[in-house]
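The listed protein sequences derive, respectively, from chains A and B.
The first sequence maps to residues 97 to 214 in the working numbering.
The second sequence maps to residues 19 to 106 in the working numbering.
Treat the hints as calculated values from the structure; they're not laboratory data.
As the structure is a prediction and not an experimental result, all values here were calculated from the model.
Glycine residues also receive a C-beta, built at the ideal position from the N, C-alpha and C atoms.
Treat the hints with care, as some may be off.
Stated by the list, open to error - So, partial list: chain B residues that the calculated Cβ filter (under 7 Å) puts toward chain A:
id : residue
1  : Gly-33
2  : Pro-36
3  : Leu-37
4  : Asp-39
5  : Arg-100
6  : Val-102
7  : Ser-105
Claimed, not checked - To be clear about the criterion: a stretch of chain A counts as covered by chain B if any three or more of its residues have a C-beta under 8 Å from a C-beta of chain B, and this derived list gives those stretches:
id : segment
8  : 101-114
9  : 197-209
Said to hold, decoys possible - Sample of chain B residues lacking proximity to chain A, with all beta carbon distances greater than 10 Å (derived):
id : residue
10 : Pro-28
11 : Arg-73
12 : Thr-81
13 : Arg-84
14 : Phe-88
Listed here are the chains, written in short residue letters.
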Amino acid sequence: MAKRILFLLNRAPYGSSYALEAIESILVAGVFDQEVSVLFTGAGLYQLLSEQDGGAIGGRTVGKMLGALPEYGVTELFACRPSAERLGLTDANLCLPVTWLDYAEQRRLIGRQDVVTG
Amino acid sequence: MATLHLVNKPAAWEGCHPLLDAQDAVLLIEDGVYLAQQALSGATFYALEPDIRARGLSQRIHTNIRPASFDDFVGLVEGCQRVVTWSA
Chain A
97 MAKRILFLLN
107 RAPYGSSYAL
117 EAIESILVAG
127 VFDQEVSVLF
137 TGAGLYQLLS
147 EQDGGAIGGR
157 TVGKMLGALP
167 EYGVTELFAC
177 RPSAERLGLT
187 DANLCLPVTW
197 LDYAEQRRLI
207 GRQDVVTG
Chain B
19 MATLHLVNKP
29 AAWEGCHPLL
39 DAQDAVLLIE
49 DGVYLAQQAL
59 SGATFYALEP
69 DIRARGLSQR
79 IHTNIRPASF
89 DDFVGLVEGC
99 QRVVTWSA
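Please model the complete structure; the sequences and the hints are all you need to start from.
Listed below in structure tokens is the structure:
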């Protein structure tokens with residue numbers, strides 16, 4: 097029976113391995129047909145910037161890896177609107193379409209999950 | 019209690035507090051117990067007692083934050099529907 101798993105990503109890419117590790121976990125969950133959703137919040141929004149080039153520091157490009165999520169059945173991508181306003185980000189800056197949520201909607205999203213992880 | 023929020027660093031509180039539901043519980047652990055010195059609101063608050071003692075904060079914990087033992091920690095996890103670990 098599929099579980100409802102929410103990946104709550106609030107860390108910037110590249111400064112640590114958290115972003116890459118979370119993406120790998122998301123892909124695995126997608127392959128195993130779990131009901132996966134992803135919520136980008138706080139510095140996690142920077143994972144979605146469209147101008148990324150991980151090659152510049154000899155690494156993979158996080159934004160490009162995120163682009164593969166739909167192919168793994170992961171299409172429920174949410175982002176925190178208050179965080180975006182704080183960071184001065186809009187749809188135009190992002191490499192992926194997301195559904196913007198305010199705090200009340202994020203609370204409801206969390207309330208529907210079986211598992212919430214980073 | 020619906021969701022148990024674990025906060026292990028003061029900076030993690032920024033991500034946690036906007037998403038608190040009144041029926042949720044928050045357990046401050048590790049460096050998160052430094053937050054227990056202030057009046058927090060929005061849910062039921064606990065702070066892990068061994069972490070408080072380790073850091074010499076026993077006399078500085080705000081009244082509306084309840085000390086929790088490791089056993090209480092287990093009880094809180096068992097009593098909730100899901101656990102969210104807030105990181106910073």
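Results of checking the hints against the structure:
| no. | hint | result |
| --- | --- | --- |
| 1 | Gly-33 | holds, 5 Å |
| 2 | Pro-36 | holds, 4 Å |
| 3 | Leu-37 | holds, 5 Å |
| 4 | Asp-39 | holds, 6 Å |
| 5 | Arg-100 | holds, 6 Å |
| 6 | Val-102 | holds, 5 Å |
| 7 | Ser-105 | holds, 6 Å |
| 8 | 101-114 | holds (count 4) |
| 9 | 197-209 | holds (count 6) |
| 10 | Pro-28 | holds, 15 Å |
| 11 | Arg-73 | holds, 24 Å |
| 12 | Thr-81 | holds, 27 Å |
| 13 | Arg-84 | holds, 23 Å |
| 14 | Phe-88 | holds, 22 Å |
In the structure shown, no violation is registered for any of the earlier numbered hints.
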